[in-house]
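> One letter stands for each residue in the lines below.
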Amino acid sequence: MVVASPLAAYLLVAALLFAIGLAGALTRRNAILVLIGIELMLNAANLNFIAFWRYGPHPEALTGMMFAIFSIAVAAAEAAVGLGLVIQIYRHTRTTDLDQMNRMKG
Amino acid sequence: MSFVFYLIAALTLAGGLAAVLLRNTVHCALALTVAFAGLALLFLGLDAQFAGFAQILIYIGAVAILVVFAILLTRSSETAQEGVFSKSWFAGLVIAAGVFAVLGWAVLAGARALPLVAAAPTVTVQDIGNALVGRYVLPLEIVALLLTAATIGAVIVALHEKERTR
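Residue numbers (this note's numbering), protein chains in the order written: chain W, 104 to 209; chain C, 126 to 291.
FYI, nobody ran anything at the bench for these hints, they're computed from the structure. All values derive from a computational prediction rather than experimental measurement. Glycine included, each C-beta is placed from N, C-alpha and C at the ideal position. There's no promise every hint is true.
[As the list claims (entries may be wrong)] Some chain W residues close to chain C (C-beta under 10 Å, calculated; not the full set):
no.: 1; residue: S108
no.: 2; residue: F121
no.: 3; residue: A122
no.: 4; residue: G127
no.: 5; residue: R132
no.: 6; residue: G140
no.: 7; residue: E142
no.: 8; residue: F152
no.: 9; residue: W156
no.: 10; residue: A178
no.: 11; residue: L186
no.: 12; residue: M207
[Stated by the list, open to error] Using C-beta positions, here's what the derived DEER-type ranges look like:
no.: 13; chain 1: C; residue 1: T247; chain 2: W; residue 2: M204; range: 47 to 53 Å
no.: 14; chain 1: C; residue 1: V280; chain 2: W; residue 2: S174; range: 22 to 28 Å
no.: 15; chain 1: C; residue 1: G254; chain 2: W; residue 2: G159; range: 46 to 52 Å
no.: 16; chain 1: C; residue 1: L197; chain 2: W; residue 2: H195; range: 38 to 44 Å
no.: 17; chain 1: C; residue 1: R237; chain 2: W; residue 2: H161; range: 32 to 38 Å
no.: 18; chain 1: W; residue 1: H195; chain 2: C; residue 2: L218; range: 26 to 32 Å
no.: 19; chain 1: W; residue 1: R206; chain 2: C; residue 2: A274; range: 26 to 32 Å
no.: 20; chain 1: W; residue 1: L201; chain 2: C; residue 2: I267; range: 27 to 33 Å
no.: 21; chain 1: C; residue 1: V258; chain 2: W; residue 2: R206; range: 43 to 49 Å
no.: 22; chain 1: C; residue 1: V151; chain 2: W; residue 2: R197; range: 35 to 41 Å
no.: 23; chain 1: C; residue 1: D252; chain 2: W; residue 2: H195; range: 31 to 37 Å
no.: 24; chain 1: W; residue 1: H195; chain 2: C; residue 2: H152; range: 49 to 55 Å
no.: 25; chain 1: C; residue 1: T273; chain 2: W; residue 2: E163; range: 42 to 48 Å
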């Protein structure tokens, strides 16, 4: 299948990457692997922002580019806090298996 | 589309698939790095040099290393005996396939309206810096506050807990 518009090709790649990340986040047992899936989904969204910025009507306004840059910064903060939480939960329960984390009480 | 695009896209998607499917967690983190590198190359192909190099610095330099640290600190590198996929893996797979079907249908249905060619934007890093301290100065300050709060929060959350009487 040939996609005529380069923007559509980038959007399809981003959609596939998002689906891969979602499948990883929903099917893996390990909490760190779930965070990896979430990172892949965030990156797919960034690819969409950059692709729309490049092929949009006003690239000099930098809107999509700025959104992608801020999104990268927020994703870095999210990864730091998320992995810190996983490490702390591991100290409590000696496991990173999400199927065994089934109670809120520490 | 050029051959280079298909090559980089295949590399990125293969890295993402491997990061999700491999059994060994350390191998997953390395495959994630490949996917991040492919995404940085895609950004460079889209004439977004600043975002591409920021992707390399932040994701490959910081996030991937952080993931490897977390894997080693929690001893997740030892493969679990009862399998690496959750009990409800089939439902997750169906949901992901459904989401991809909807997204792909939306893109293909609207593909006729998308532009075929666009002039390459002449945006320099200086323009990005001017925009960051001009029009986008408030979001920049908020992101600075968020990063400070996230750093302190991550340290406090992962700090070694003192023995408590229970």
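> Of all the hints numbered above, which does this structure not satisfy? Sort the numbers upward.
Violated: hints 12, 15, 16, 17, 22, 23, 24, 25.
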